[in-house]
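Chemist: Each protein sequence line maps, in turn, to chains W, R and P.
The opening position of the first sequence corresponds to residue 0 in numbering that gives the first Met the number 0, with each subsequent residue numbered one higher.
The opening position of the second sequence corresponds to residue 0 in numbering that gives the first Met the number 0, with each subsequent residue numbered one higher.
The opening position of the third sequence corresponds to residue 0 in numbering that gives the first Met the number 0, with each subsequent residue numbered one higher.
Calculated directly from the structure, the hints in this document are not laboratory data.
Since this is a predicted model, take the numbers as computed values, not measurements.
Simulated restraints on C-beta separations:
| # | chain 1 | residue 1 | chain 2 | residue 2 | range |
| --- | --- | --- | --- | --- | --- |
| 1 | W | 222 | R | 37 | 18 to 24 Å |
| 2 | R | 34 | W | 163 | 19 to 25 Å |
| 3 | R | 153 | P | 107 | 34 to 40 Å |
| 4 | P | 259 | R | 168 | 47 to 53 Å |
| 5 | P | 180 | R | 37 | 31 to 37 Å |
Here a beta-carbon is modelled for each residue, glycine too, at the ideal position from N, C-alpha and C.
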Amino acid sequence: MAFLPVPLRDLPREINRRIRNSRAWKSFFRSGYPDNRKDQAQIVIGNVFLHLHPVKVPTNAIRITYTYCLGGISFLLFLILTITGVLLMFYYVPSVERAYNDIQALSTTVAFGQLMRNLHRWAAHGMVLSVFLHMMRVFYTGAYKPPREFNWVIGVTLLFVTFGMSYTGYLLPWDQLGIWAITIGLGFAGYTPFFGEQAKQLIFGALEINQDSLLRFYVLHVIGLPLVAAVLMSVHFWRIRRDGGISTPL
Amino acid sequence: MAEAATQEIGLFNRREFLRLGFWAATALAAAEIGGAALVFFWPKLKAGAFGGEVNIGTLEEILPQLPMDAVPLYFREARFYLSHVEDGLLALYRKCTHLGCVVPWNYEEDQFHCPCHSSLFNRKGEWQGGPAPRPMDLMGIDIRNGEIWVDTGEISQRTAYVPSQAVPI
Amino acid sequence: MAEEAGSLEERKVKTLSLVRGEEAKPPPGAPIQKFMVWPYLLAIEFLAAVICTIGLLIFSVLRNAPLKELANPDMTPNPSKAPWYLVGLQELLLHMDPFLAALLLPGLAFALLAIIPYIDFETKESGRWFASPNGVKITIFSAVYTTLILVAFILVDSQIGGVPGTAGGLRQLLKTWGVPDIVGSWILPVAIMLGLSALLILIVRLRWQANLREIVIALFTGFVVVYFLTALVGFLFRGPNQALFLPWDMPHGYDPLSEF
Chain W
0 MAFLPVPLRD LPREINRRIR NSRAWKSFFR SGYPDNRKDQ AQIVIGNVFL
50 HLHPVKVPTN AIRITYTYCL GGISFLLFLI LTITGVLLMF YYVPSVERAY
100 NDIQALSTTV AFGQLMRNLH RWAAHGMVLS VFLHMMRVFY TGAYKPPREF
150 NWVIGVTLLF VTFGMSYTGY LLPWDQLGIW AITIGLGFAG YTPFFGEQAK
200 QLIFGALEIN QDSLLRFYVL HVIGLPLVAA VLMSVHFWRI RRDGGISTPL
Chain R
0 MAEAATQEIG LFNRREFLRL GFWAATALAA AEIGGAALVF FWPKLKAGAF
50 GGEVNIGTLE EILPQLPMDA VPLYFREARF YLSHVEDGLL ALYRKCTHLG
100 CVVPWNYEED QFHCPCHSSL FNRKGEWQGG PAPRPMDLMG IDIRNGEIWV
150 DTGEISQRTA YVPSQAVPI
Chain P
0 MAEEAGSLEE RKVKTLSLVR GEEAKPPPGA PIQKFMVWPY LLAIEFLAAV
50 ICTIGLLIFS VLRNAPLKEL ANPDMTPNPS KAPWYLVGLQ ELLLHMDPFL
100 AALLLPGLAF ALLAIIPYID FETKESGRWF ASPNGVKITI FSAVYTTLIL
150 VAFILVDSQI GGVPGTAGGL RQLLKTWGVP DIVGSWILPV AIMLGLSALL
200 ILIVRLRWQA NLREIVIALF TGFVVVYFLT ALVGFLFRGP NQALFLPWDM
250 PHGYDPLSEF
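Bound-form chain W, shown alone (with noise of 0.2 Å):
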């Protein structure tokens, strides 16, 4: 008995306490559980991942019916894209000898492959259509105007890379509607006045569609197109917070 330092019936509360009283447990936790006004103003403000939200937010502006979640729910989906697609990545390789039987691998013998490819194909085609939602609730509401003009034109830029990132993924599982897909839009490109076929030339690798254009689709798709997305996404949440938080229903 004597080596306890609580009676049996303390010990987990006090293992408990101990815990929460640890050097290491405090450095992890800057605060208390935030169940007081205090603590929860000092997770939002110390957090990282918090700290993209205010303190407090109007009450008006966060209403269902005023922002559907539609910005949140495009960022939910580019993570769940960003892990579907890690995960795609182990069984992938960018090669046209390769490529479409790994992907029909992902579908027969790959554990959850084919949920995986699902949920990355759904994922992505939701984003096109929640990130184009967003701007349309962005215009309706009148959000873009001043001081939010440039928070706008970024959104824009982000609706155009968000185009890319899925039109680079629809070539890679190389299978008919793929390569037609892509073969016709990059004609688009071809129409580009005095250097259609550079320009091209330059998208493809090659004259026609083969490896090259499958390589560089594929390098643009995993880390080109979601770079430029991640930092634009940092700047586009930054700067809600810059120009005044979320704009604010009459």
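Put chains R and P on the given structure of chain W with help from the hints.
Modeler: The following block gives chains R and P in isolation, referenced to the frame of chain W:
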């Protein structure tokens, strides 16, 4: 210090000159990197079956399969159609001049019919309908000692069909 | 949930953020009602994330991502289509010059979208859906106007000239009449688009005395309707040879939904 900084040297004072120099050097470096990126990403076209000169056979072999105004012969590897019209032979690059889809021959309509946007071309590659802006592109044909050579790397655009485009036989 | 006196720390935080310029100055007049982000907003966001994730998961279990045959650079399927969010451009391509449809219009659309806040910067109606009761009517009117005209145009363009059912009939008709192609592929489409936009502005000006904001709403609504409607037509109603069919009545067993 302040006096030295605002001292006039010709057009700029020293501080302005250095600032301008800094930005000019940065812009130059950025332009160099941009140019290098362009060169870096420029496609490296490999010489192969498509892109070089191809021998498709002798006139004696080809002509029996391809009488005048017959359905054009398709050479898949070399990516063109060989068409026999009243003025001679034409090698038509298989890609639609609209957006680059492969144009198949439509037997029912007796013409080329692009599946992407319904561009139509006749045996001479002339525009018959649809959004294509010009006739089908041509590859150069050379007949040497009765053998037909098609230069698949020499693809030329044209605005209309003229008899001199066909190689007489 | 409503704003109360708040603790000392909170006021400190608020003052600090004001000093740093993090928060906009509240407009003069009534104080804005606010509530704590933790837990109220975070709970909402968490709930939204969970609902979306579950919805996505259910959809992914029910429907597999499409995978067609192995890519074959020698054989273009009939029809071949761009992804749904770009198929609207493909639809435009059927009716006008490719440079106009594929580069100029989308480029212009993005540029015009981007400069909206520099045209319409009156902040009075900021934060209000459709700006005003008139705004709602103008949005509905613009949507109906654009839908009717676009559908009519697509139907007419597919029925006259050339092979019935295939698109770009107007252009082909003019071409067969010996009119220079620039009329059918450039002048006419540009005139139609500008004319219809001008007519839209005129109507909302006369009918509702629309201000700048409301005119921008009318034009933006037109853009959105064109975007989604051309995508819908291109995706569901275009069959082999890009001819118009009903989605459930496509020839050669083509199923547009199998590409989604």
